[in-house]
Amino acid sequence: MSIANPTTSTLSPAVPAVKAPARSTSTRRRRRPTPARIVAFVILAVLALAWLIPVLWAVLTSFKTEAEAAALPVTLFPASGFTLEAYVNVLTEGLVPRWAWNSLLTSALVTVITVTISALAGYALSRLKFAGRQMLITLIVASIMIPGQILIVPLFNLMLSLNLVDTYWGIILPQVVAAPMVFILKKFFDQIPFELEEAALMDGASRFRIFWAIVLPLSRPILGAVAIFVFIGAWNNFLWPFIVVNDSNLMTLPTGLQTVISAYGIQYAQSMAQAVLAALPLIVVFMFFQRQIIKGIATTGIAGT
Amino acid sequence: MTTAEGLAAPPRAATGAADHLAAGRSRRRRSDNLRGWLYCAPFLIAFGLFLIWPTFYGLWMSFTGTSLAGTNTGFVGLANWKEALGDPQVWSSLANTAWFTLLSTIPLVVVAMVLAVLVNIGLPGQWFWRLSFFMPFLLASTVVSQFWIWMYNPQLGLINTFLGWFGIEGLAWLQDPNTAMIAVVVTTVWWTVGFNFLLYLAALQNIPDQLYEAASLDGAGAWRKFRAITLPQLAPTTVLVLVLQLLASLKVFDQIYQMTNGGPGGTTRPILLYIYEAGFTGYRLGYASAISYIFFFLIIIISIAYMVISSRRSVKA
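First to last, the sequence lines map onto chains D and R.
Residues are numbered in my numbering as their position in the first sequence, beginning at 1, plus a constant of 1314.
Residues are numbered in my numbering as their position in the second sequence, beginning at 1, plus a constant of 196.
If a hint is listed, it holds; no wrong ones were tucked in.
Rough simulated footprint, nothing fancy, chain R against chain D, three-plus residues with beta-carbon under 8 angstroms:
#, segment
1, 1377 to 1388
2, 1427 to 1434
3, 1442 to 1449
4, 1468 to 1478
5, 1552 to 1559
Reference listing, derived: stretches of chain R covered by chain D, where coverage requires no fewer than 3 residues with Cβ under 8 angstroms from a Cβ of chain D:
#, segment
6, 240 to 246
7, 253 to 262
8, 313 to 319
9, 326 to 340
10, 391 to 401
11, 458 to 472
12, 484 to 492
It is worth saying that the hints were derived from the structure and are not from the lab.
Beta carbons are placed, not taken as given, at the ideal position from N, Cα and C, and that holds for glycine.
Throw the hints in and build the complete structure from the sequences for me.
Shown next, in the form of structure tokens:
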């Protein structure tokens, strides 16, 4: 991703060979509780609670009325009962549904385009011995060092001349360049035994047919991991959509919410309801794809986000 | 290029199976030239247009007086670079970036390792632990910032309320120059530690159980085993996590822009925020490009240092 979340960055995907950390649950779980294990459990529970508190506090606030959220002394739970007032206001008055749609649309398109063009390029770089292949690989790997954030100025100028400022394509296109993903896919294709394709070639299958009918189905896990990563990165991307879009109707959730922080900083229950709504889709995605996401971090995440 | 010939019919003279095969191979090799570039083309177009071109165009812009207002004073030579290197704001925001990087990288490595070691013991509730520590990583920066602006709220926030229960007077964490950076770092650790945590967890599970069993037979205690087995076995992961974290922390922008906007008094402003301000609120795109490139060179130096170190390691191994 050329302009990615600032939380993790890109470098050579020299990933240690790792497995999804699910194995130990079955082999190590059933042990007698010793004092040391009880102490470890308590420490872990306290830490987990500390990690959950900011989220729980936001959720509790979002169920209060505005008056109560701003009232002293601060209470943890809504004293007058849980109310959906803030959510109703956010969903009916603001632009949140619109921003959610923009986020979904742009992230889905970024994901589809990125996976498609990266898989095609990765396959060519892995299997087709064309002139200039080695040079391209070097160029693509070296480009991983370029931090996308420093490109905002020239990219914005480019978008101005392409008339893509304040458009969906302006948000999408610069995000589809994911050199690390090309490299990860190439490395995965390298590992697929060539005999499978050789046999199909002998039978007269076209290269594209082999790619489509043999290689892609074998690569489903890695394609899934790459897709999840690209999607999360695009969904959460702040800097680029923030630079390229000014029209609030075209904003994505992260950039839209930012305008609300500055504009209505006083409506605490509503701002928490918005944040919770924006967080919800990815938490649900995580619940469903926990295994794949964890495995993905281990194998692709390093070079990914 | 021989691409056009590659598509033409191959010589038909030879009829032997071996010759046929050889002809097929060379035809395939030549058509691979065309096909290879064709398959790469969609990626390469985007790659060239949105990554390579801006990289060079940005460098060119740094030598011009390009302005967002549409005026362009043309080629100005090294003027932007000279100005940037003499601009105290550039140096103070570079210093803030370095300070943030130092403050955030250490806990993001250490806390991640501690959490992973604790979870790896294999206590009940594996799913819950991973969810708790990793979930914040999946949140957008704006969501994280909203949560924490609310936590840090001087009158209504949970942190000061909690301190109040113990009779401790809270602070205006994000508005106080002494605490604003620390507050942002705490938020950052909360947000992103889950990624490093998962990398450590994966590395821990790759340590062979036999090592621990052998140590147990020798009578080693838990601490001894951690020092003698776990830490050395995690060393490659630690180097990796450290470098990734350094590079990520240097690029901090989102949460600082959202939580403090670089304030109070510029004490939390990182270099990327200064680039944004110079270019997009100050309209001086050429000047912002020059600062971008100073920053870019720093990043490149660190990346190359890592590659040199890691290639030496792999040569040794």
